[in-house]
Each structure stands twice: as C-alpha cells, then as structure tokens.
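K.L.:
Below, each chain spelled out in residue letters.
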Amino acid sequence: MIEHDAEDIEESLKRIVPKPAPPGLRQRVLASALESRKDAALTPRMRIVAIVCSILIVAILGADSLLGRHESAQIAALLDGRPSVRAVAEDASDLAEVMGGQCADEDAVKRLQIMAATTARKNQERNIIEARKGLKGWLENESFENID
Amino acid sequence: MNSGKIDKSGLEKGHYQQKAQKEKRRLLKLEELYDRHGESLHRYLVFRLGSAEDAEDVLQETFCRFARYALRWRLVRNPQAFVFRVARNEANRFLRRKLGHREGEKMILSGAATGFAAAFVAPEEPSLGLLLRRAEELPAEQKEIIFLKVFDGLTFKEIASVRGISANTAASRYRYGLAKLREAVEGKK
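As given, the protein sequences belong to chains A and B, one line each in that order. Once you know that position 94 of the first sequence is 74 in the numbering used here, the rest is easy, because the numbers rise by one and skip nothing. Once you know that position 23 of the second sequence is 10 in the numbering used here, the rest is easy, because the numbers rise by one and skip nothing.
Chain A extracted, bound-state conformation (with noise of 0.2 Å):
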C-alpha cells in the first residue's frame, strides 16, 4: 500500500503507464503534414513578399490621403476660406449622384459641372461689377470729373 501524503502522490501518479501509441502513427502523420506542406498556396518566401507588398500598399494608400488632406489645407489657405473650383465640380457631381439613374451619366455630370463653373462666374462678376459702382459713386462724391 502507498502512503498518500502530497507529494507521493505525484510519484503515484507518474506510476501509471500510459497507453502506447497505435502503431504506424508517426508516419501516417510525418506523410499527411508533408502533403500539406505540397500543397500549400503560397511557399515561405512568396508568404513574405505578399506581407511587403500589402505593408506598402497600406504605407502608400495612407501617405496619399494625407497629402491629399495637407494639399486641401494649402488651397483652402489660399483661397481666404472661399469655395474651390474643386468645390464646385465636386458639388455637380453630388447633385448628380442625388439625382440618380437620370442624370448618372458622364455627360450629364459634365454638363452640371459646366452649369456649376458657371454660375460661380456669373457671381464673380456680379461682385465686380457691384463693387465698381460703388466705387463710382465714391469718386462721385470726391470729384465733379467724368472718370468715363
């Protein structure tokens, strides 16, 4: 009879046999893991240039969109806050999008997109034209001379 105190039970229990192995197993498994090494899709190597080449796909998809973002910066820094002409085309092709299956095709966004060119035009001058006339009746007001 065994004396069961702590740690004899550990050596009691390293004293039971485990089974033994069903025969043939080592190269049943030795062939089955080599045949899926055949056919495997991708080697070691092709697995590490798929792994760079997805690395600088991401790098370069990033880097882009923050150049694009620090590019709309400059332009709106430019521009004084005013609306881009990039602004503009990109509202004509919202305006298409909304109105959908009739006016998706490329002309028609074309064609917004000159409508939209040239409204922005019309409210340039307009802003000029009003801003001369008050500049005539400034020089009105200074002088009795016929500027024209």
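Simulated from the structure, these hints should not be mistaken for lab results. Don't take each hint at face value.
Said to hold, decoys possible - Partial pick of chain B residues on the chain A-facing surface, computed with a CB cut under 8 Å: (1) E26; (2) F107; (3) P110; (4) L115.
What the hints assert, rightly or not - List of simulated lysine-lysine pairs, BS3-like, C-alpha gap at most 30 Å: (5) B:K16 <-> A:K18; (6) B:K93 <-> B:K16; (7) B:K130 <-> A:K(-6); (8) A:K(-6) <-> B:K167; (9) B:K16 <-> B:K144; (10) B:K167 <-> A:K113; (11) B:K93 <-> B:K130; (12) B:K144 <-> B:K130.
Glycine included, each C-beta is placed from N, C-alpha and C at the ideal position.
Given chain A, work out where chain B should sit, using these hints.
P.N.:
This is chain B only, laid out in the frame that chain A set:
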C-alpha cells in the same frame, strides 16, 4: 561546346541536389519535432478528447499546421508550450466541427470529454486504481493542469501559456487538485 554542356548539366545536378537537401532538412525538422513531442501530444489529445481515433486525426491536423508554420517557428520562444497550445486549439476546433459550434463550445468549457481513463492503462495495483478514479472526478481544469504538470513535465508558466491563464492560477489549481486527491485517497483509507 561539349564542356559547356557538361557544366550546365553539372549545375542543374547541383541545383537539384541542393533542393533535395533542403527538403531533407525540412523533413528532418518535422521528424525531430515528432520525436520530441509527437507521443506526448498524442497522449494529451487522447486525454483531451477521450478517443484515440479522434486524437490521431487532431494530431495529423496539428502537424499539418506545424508544416505550414515555417516562418512562425523562428519567432517561437518556447517550443514545448507552443506545440501543446497548437494541439489544444486544434482539439477545440475539432470538437466545434464535430458537435456544432454551440455543443462543441459547451463540451470545451465543461471538459466533459477530458479523462485519464482513455490515455492510461488501468493499473493493476488497487491503490493506483483508486487514485486514478479519484483523479477522474476532479474538475476538468484541475485535471488538465495535473496532467500537463505530472505527465508532460510542463512548468506552471508553460501551462499558463497553453491554457491562456496566469501562472499563479495554474499553480493554485494544481495545488487544489492535489489536495483534493490526497483528501479523497486518505478518506477512503
């Protein structure tokens, strides 16, 4: 011209020899791995799954995984803990596949399939038989930790890595398990 041909065929021969040597090295690595851990992994899987046939299937799957892990092996710091962890995960995957996700998950959590009886020869000595029966009655997580510690000689840190718990938890579960076994065996005496 003739000598050029000889050189070319010589180069090709060298290339094929190199390739064959590389393949042989890979094979040796897998063989080495099997010689080191194959039998103990099989025994562990029999213990986990309660069936020698299922254990063999899972062992094959596990080694297929090792064969595909050519790169990952370079990053592995403790191969023994790693192989047991991979085998354990593969056994869990097998149970989910076999029983369906929900039932498989239940089985994994309860450890209902886990048992010493399938992995060990029934001892002739009555005291050892009693010990084995009492060990069988322990909660699944204690049983598994006792198995890994006593029969595979894993450290608590390695067991913690295999089971995804802390080393302290592994150690305390081991001690609780052994204390329960001692109580059960002494009570019976």
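K.L.:
Hint numbers the structure violates, sorted upward?
P.N.:
Failing hints, ascending: 6 and 10.
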